[in-house]
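Asks: Here the sequence shown is numbered in our numbering, starting from 1 and rising by one per residue.
No lab work stands behind these hints: they were computed from the structure.
Predicted model, so just to flag it, every value in this text is computed and none were measured.
Ideal Cβ positions, reconstructed from N, Cα and C, are used throughout, including at glycine.
Don't take every hint at face value.
[Claimed, not checked] No farther apart than 20 Å at their CA atoms in a straight line, the calculated lysine to any residue pairs in the SDA-like style are these:
#1 K194 x Y21
#2 K225 x G2
#3 K163 x R50
#4 K225 x P169
#5 K163 x R58
#6 K225 x D167
#7 K225 x L9
#8 K163 x R107
#9 K225 x S166
#10 K194 x A183
#11 K163 x P54
#12 K225 x I44
#13 K194 x D27
#14 K163 x E53
#15 K225 x P45
#16 K225 x L46
[As the list claims (entries may be wrong)] Distance windows between CB atoms, simulated:
#17 W275 x F192: 38 to 48 Å
#18 R80 x G2: 28 to 38 Å
#19 E200 x L5: 34 to 44 Å
#20 P111 x L265: 22 to 32 Å
#21 L190 x A162: 31 to 41 Å
#22 R48 x L213: 16 to 26 Å
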Amino acid sequence: MGYLLFVTLIQAFSFSLIGEYLAGHVDSYFAVLVRVVLAGLVFIPLTRWRSVEPAFMRGMLLIGALQFGITYVCLYLSFRVLTVPEVLLFTILTPLHVTLIEDALNRRFNPWALVAALVAVGGAAVIRFDRINPDFFMGFLLLQLANFTYAAGQVLYKHLVAKHPSDLPHYRRFGFFYLGALAVVLPAFLLFGKANFLPEAPLQWGVLLFLGLVSTALGMYWWNKGACMVNGGTLAVMNNLHVPVGLLLNLLIWNQHEELGRLLLGGSVILAAVWISRLGIKRTA
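All chains should be modelled from the sequences, with the hints used to inform the complete structure.
Replies: This is the structure we're talking about:
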């Protein structure tokens, strides 16, 4: 779970960076493209091309297209109509996507995982359920598509690694992920991107550098690796922990006026959901 907790902090910080420095200032498609290219430059040189099964390669290309390509295009577009807290709020349904996809692939129904995910959703909802702007539905639909593809990618990665075990370390086979993402992001930028809406300030380039090398390269790798080490219920819950953490960072660094009491209460409920998911493991063992 250590990988998931560390990436949660990165994700929480990244949401505010996107909302404060990129949204409305830098073309969304270009920002996502830069992230993919930078991350690819880290992992593609480390990738073993001849030692990987073709079926695993195809699976990783699909996962990259889903979990990063489609997810982050939708996420960045949502920042055009939503604030950082609203984006965080609308990601609370990711655990339900994770749980349902996981159970569908395993052809089973795990009530403990579902209860844990529902409790996590409730905890995140406690934090913020007001100040919805007129573009609510557009932003909500974009975020739900992003939630689904992000959940599908991490669940499929977990199953793909189990189906195709290898003596190679995870990072030796992860470069295909970014090629799959690039297959979505590059055409999106060429078709819809605005070449005259690129970064101008050094700070914007610095944010893109951080998001590409840390959030996208290390973050996506560690998150997927950590997802292979926990059960579906815990994974579903961890997908929601970035909400209170993200709001807390947004409050402390960018002085957003959030209700601290609701933030602490919601975070406590989400932590309780982690306990519920682990209780489910003991009950079914």
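Asks: Look at each hint and say if it fits the structure.
Replies: Status of each hint after checking the structure:
1. K194 x Y21: Judged against 20 Å, a Cα distance of about 17 Å means the pair holds.
2. K225 x G2: Judged against 20 Å, a Cα distance of about 10 Å means the pair holds.
3. K163 x R50: holds, 18 Å
4. K225 x P169: Holds: K225 and P169 sit about 10 Å apart, inside 20 Å.
5. K163 x R58: Holds: K163 and R58 sit about 13 Å apart, inside 20 Å.
6. K225 x D167: The given pair, whose Cα atoms are some 15 Å apart, holds under the 20 Å limit.
7. K225 x L9: holds, 16 Å
8. K163 x R107: Roughly 16 Å between the alpha carbons, so the hint for K163 and R107 holds.
9. K225 x S166: holds, 14 Å
10. K194 x A183: holds, 19 Å
11. K163 x P54: Holds: K163 and P54 sit about 13 Å apart, inside 20 Å.
12. K225 x I44: Given pair K225, I44 holds - Cα atoms ~17 Å apart, limit 20 Å.
13. K194 x D27: holds, 6 Å
14. K163 x E53: holds, 11 Å
15. K225 x P45: holds, 19 Å
16. K225 x L46: Answer holds: K225 to L46 is near 16 Å, not above 20 Å.
17. W275 x F192: 38 to 48 Å: At roughly 44 Å between Cβ atoms, F192 and W275 fall inside 38 to 48 Å, so the hint holds.
18. R80 x G2: 28 to 38 Å: Check passed, 35 Å falls within 28 to 38 Å.
19. E200 x L5: 34 to 44 Å: With a Cβ separation near 35 Å, E200 and L5 satisfy 34 to 44 Å, so the hint holds.
20. P111 x L265: 22 to 32 Å: Given about 25 Å between the Cβ atoms, the range holds.
21. L190 x A162: 31 to 41 Å: At roughly 36 Å between Cβ atoms, A162 and L190 fall inside 31 to 41 Å, so the hint holds.
22. R48 x L213: 16 to 26 Å: With a Cβ separation near 22 Å, R48 and L213 satisfy 16 to 26 Å, so the hint holds.
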